[in-house]
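2 protein chains.
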Amino acid sequence: MKFTCNTEALYEACINVSRAISNKTNIPVLEGVLFKTTEQGLSLTGYDLDLGIFTTIEAMIIEDGEIVLEAKIISEILRCLEDDKVSFETDSRNVCRITSGVSIYNINGMGTEEYPELPYTYGENDIILNQKVFGDMIRQTVFAVSLDDARVAHRGVKFEISHGDIKAIALDGYRFAMRHEMIDYKGEDISFIVPAKSLNEITKFVTDDDGMISLSPDEKYMRVGINGYNIVSRLLDGDFMDYKRIIPTDFETEVHIKSSLLLDKLQSMAILADDRIKSPVRCTFKDDELFFNINSKNGEADTKMDVEMTGAEIEIGFNIRYLSDAVRASDGDKIKMCLSSPIKPVVIKPLEGDSYFYLVLPVRFRN
Amino acid sequence: MKFTCNTEALYEACINVSRAISNKTNIPVLEGVLFKTTEQGLSLTGYDLDLGIFTTIEAMIIEDGEIVLEAKIISEILRCLEDDKVSFETDSRNVCRITSGVSIYNINGMGTEEYPELPYTYGENDIILNQKVFGDMIRQTVFAVSLDDARVAHRGVKFEISHGDIKAIALDGYRFAMRHEMIDYKGEDISFIVPAKSLNEITKFVTDDDGMISLSPDEKYMRVGINGYNIVSRLLDGDFMDYKRIIPTDFETEVHIKSSLLLDKLQSMAILADDRIKSPVRCTFKDDELFFNINSKNGEADTKMDVEMTGAEIEIGFNIRYLSDAVRASDGDKIKMCLSSPIKPVVIKPLEGDSYFYLVLPVRFRN
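Chains A and B, in that order, are what the protein sequence lines are.
In case it helps, our numbering puts the first sequence at residues 1035 to 1401.
In case it helps, our numbering puts the second sequence at residues 1035 to 1401.
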């Protein structure tokens, strides 16, 4: 293999495909980036058997070939090079000579025989949507996925597409998050579950511009095309809870509340929590005020804030982190909280419309 | 104890004295900040038996008293308060009621009976110098202190004051760093060794303004007065190497070299080091060029840069980190390197004068 290309473009591609590389692998070749000459230029691949990322950049190919180079070392070398052109040349012993300006590196690479083939999905009905919208769908749901290994399907976000409506859904038994969006999609109804880990990597490829993202799911994998990169993720299998039956419809109390102030107040209560997962905050909604109280081995704290409420007064306990996560993921200055009783979940929605929907189970108090 | 004061001033003081608090202590009371009313206002203290920090802030004292409050909790509470005034009130069971705006905290505090007395040094001949200069003296030497527990004295920076000249000296057996400065000091000649850990904390109190710092050392402790804070550090005992005998005087080669480029080049070689402590870089000074080479299990690399040199050509090996540390600590765009042989230390100095002086031992190659 022998090629010359732009140093910065190669560095950027190398860093991006390396996001798929795990340093926990037992397969040495998977600690590297696969460099391969193709008709389109130079392709780079990173893969950890669950997630693969590949791209192709412009290069002057002098001799075809392929090699695997350790991701960390090759990225650091490319970052340090001073010249804007870099040349790679491999020999029969997989030594790769990298020359750029006055610098020369001779790196021990690895053969590509053991590098596994990436599963590649050709979608019949690609799902195309705005990349920022897709990024928001992930951000607004992925925090609620389960961390419990026992329920594999719940470790991902379920996407459901029906009649041009795409829904993202995540739940972990204590809370539920849903975000939906209308898109231009004429294909068959489809649903698939993407691991949270893959989604978190995909969001790193989302830029601020108005570009599109394509999703091509099949039975086992999904390919995502975004800004010149192809990301292939394994999909999750198994039963996903039928969320429709947990959505409550009747409420006693509706509260409009300023998100940022609510988050500050919850944070100021969390200071005294013994263990933030388990120390609940007591919330009392009464006469257009929300009173907070927490009581733990560290002491006790009270504060309050103004809200706009209709309906009955109510006292209800929450896991501070679960409630904060939902409020933080909400768009807009204000949110709507819908409550029915101290033992029924609270629903958090936008003031208008139904673009997102969160449900958080309350925590019961002993007294 | 009962007082009211400005929330932000109390938060800042609390964060600053907390720098002396270790979370590795077995003495619960040392995990807290000591609050104490005094004639001057409210004093706050943090102490870990090696380093103590205290300050006094303005407060409206309503009732005298003292209490210890857990550093982390009290800092977080003060950070979250929305009102610019805060009141503290303690009861006989060491519960501290903190009220500010609509928020009320009742925190379990600790009694002060077991809080150890800080050793306080009243200097007869306080050493007064510009705080930025003192900050530079620390920064330019502290990296070279020994991490070896066996030679306790070398875990600190030695300060020597003689005839108005203050020297800071650190060494670890592989390198030596010295910085000196003329100051207005009429006291007796004195020397003392301050632990690196204390110096690193002291530098956090150095601001960009032209204020002064006072050092009051005695046999066992030093008190530092800076920007309203008093910092008391234990001093180190034991033999400090007589550095004067290791300073070479004759050199074969003098090189003027651009510091930032040298650092970049060393960094670009370090990528291939197996273990950055031990993989040396080979430096060849020849015909106004400096050639770099490294060879490790990862591969081999070469690069070069222009220098200005006088004297004989020389090939010498260095620990990349030791050489980089010294170059990074140097002031000015360019430094002067003085070399005599592949087995004798290199000396790094400013182009003019002798404000700093570094010595790094070479690494011998096997071949």
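Hints are not guaranteed to be accurate.
Any copy, or any two copies together, can satisfy a pair, since identical chains are not distinguished.
[Unchecked claim] Below 16 Å or equal to it, Euclidean Cα-Cα: the simulated EDC-like pairs (lysine to aspartate or glutamate) are:
#: 1; residue 1: K1070; residue 2: E1104
#: 2; residue 1: K1383; residue 2: D1271
#: 3; residue 1: K1106; residue 2: D1308
#: 4; residue 1: K1383; residue 2: E1194
#: 5; residue 1: K1312; residue 2: E1158
#: 6; residue 1: K1220; residue 2: D1388
#: 7; residue 1: K1220; residue 2: D1359
#: 8; residue 1: K1070; residue 2: E1110
#: 9; residue 1: K1231; residue 2: D1243
#: 10; residue 1: K1278; residue 2: E1349
#: 11; residue 1: K1331; residue 2: E1147
#: 12; residue 1: K1331; residue 2: E1104
#: 13; residue 1: K1278; residue 2: D1118
#: 14; residue 1: K1338; residue 2: D1117
#: 15; residue 1: K1036; residue 2: E1100
#: 16; residue 1: K1338; residue 2: E1116
#: 17; residue 1: K1231; residue 2: E1147
Source of the hints: derived by calculation from the structure; they are not laboratory data.
Verification of the supplied hints:
Only within a single protomer do K1070 and E1104 lie at most 16 Å apart by alpha-carbon distance; the minimum there is 14 Å, versus 58 Å between protomers. Taking the shortest Cα distances, K1383 and D1271 never come within 16 Å of each other, neither inside one copy (29 Å) nor across copies (65 Å). Taking CA atoms no more than 16 Å apart as the test, K1106 paired with D1308 passes between copies only; the shortest distance there is 13 Å, against 40 Å inside one copy. In this homomeric assembly, K1383 and E1194 never come within 16 Å of each other (Cα to Cα): the closest approach is 20 Å inside a single copy and 68 Å across copies.
Taking the shortest alpha-carbon separations for K1312 and E1158, neither the intra-copy value of 47 Å nor the inter-copy value of 56 Å comes in at or below 16 Å. Proximity of K1220 and D1388 under a CA criterion of 16 Å is satisfied in neither setting, with 23 Å inside one chain copy and 77 Å between copies. Taking the shortest alpha-carbon separations for K1220 and D1359, neither the intra-copy value of 34 Å nor the inter-copy value of 62 Å comes in at or below 16 Å. Neither within a single protomer nor between protomers do K1070 and E1110 lie at most 16 Å apart by alpha-carbon distance, with minima of 20 Å and 53 Å respectively.
Taking the shortest Cα distances, K1231 and D1243 never come within 16 Å of each other, neither inside one copy (24 Å) nor across copies (47 Å). Within a single copy, K1278 and E1349 get their C-alpha atoms no closer than 26 Å, and across copies no closer than 75 Å, so neither meets the 16 Å cut-off. Within a single copy, K1331 and E1147 get their C-alpha atoms no closer than 60 Å, and across copies no closer than 22 Å, so neither meets the 16 Å cut-off. For the homomeric pair K1331 and E1104, the shortest alpha-carbon distance between copies (13 Å) is at most 16 Å, but the shortest distance inside one copy (50 Å) is not.
Taking identical chains as interchangeable, the C-alpha atoms of K1278 and D1118 are never at most 16 Å apart, the minima being 56 Å within one chain and 48 Å between chains. Taking the shortest alpha-carbon separations for K1338 and D1117, only the inter-copy value of 13 Å comes in at or below 16 Å, while the best intra-copy value is 60 Å. Only within a single protomer do K1036 and E1100 lie at most 16 Å apart by alpha-carbon distance; the minimum there is 9 Å, versus 75 Å between protomers. When the C-alpha separation of K1338 and E1116 is checked against a cutoff of 16 Å, the pair qualifies only between copies, where the shortest distance is 12 Å, while the shortest distance within a copy is 58 Å.
Taking identical chains as interchangeable, the C-alpha atoms of K1231 and E1147 are never at most 16 Å apart, the minima being 28 Å within one chain and 52 Å between chains.
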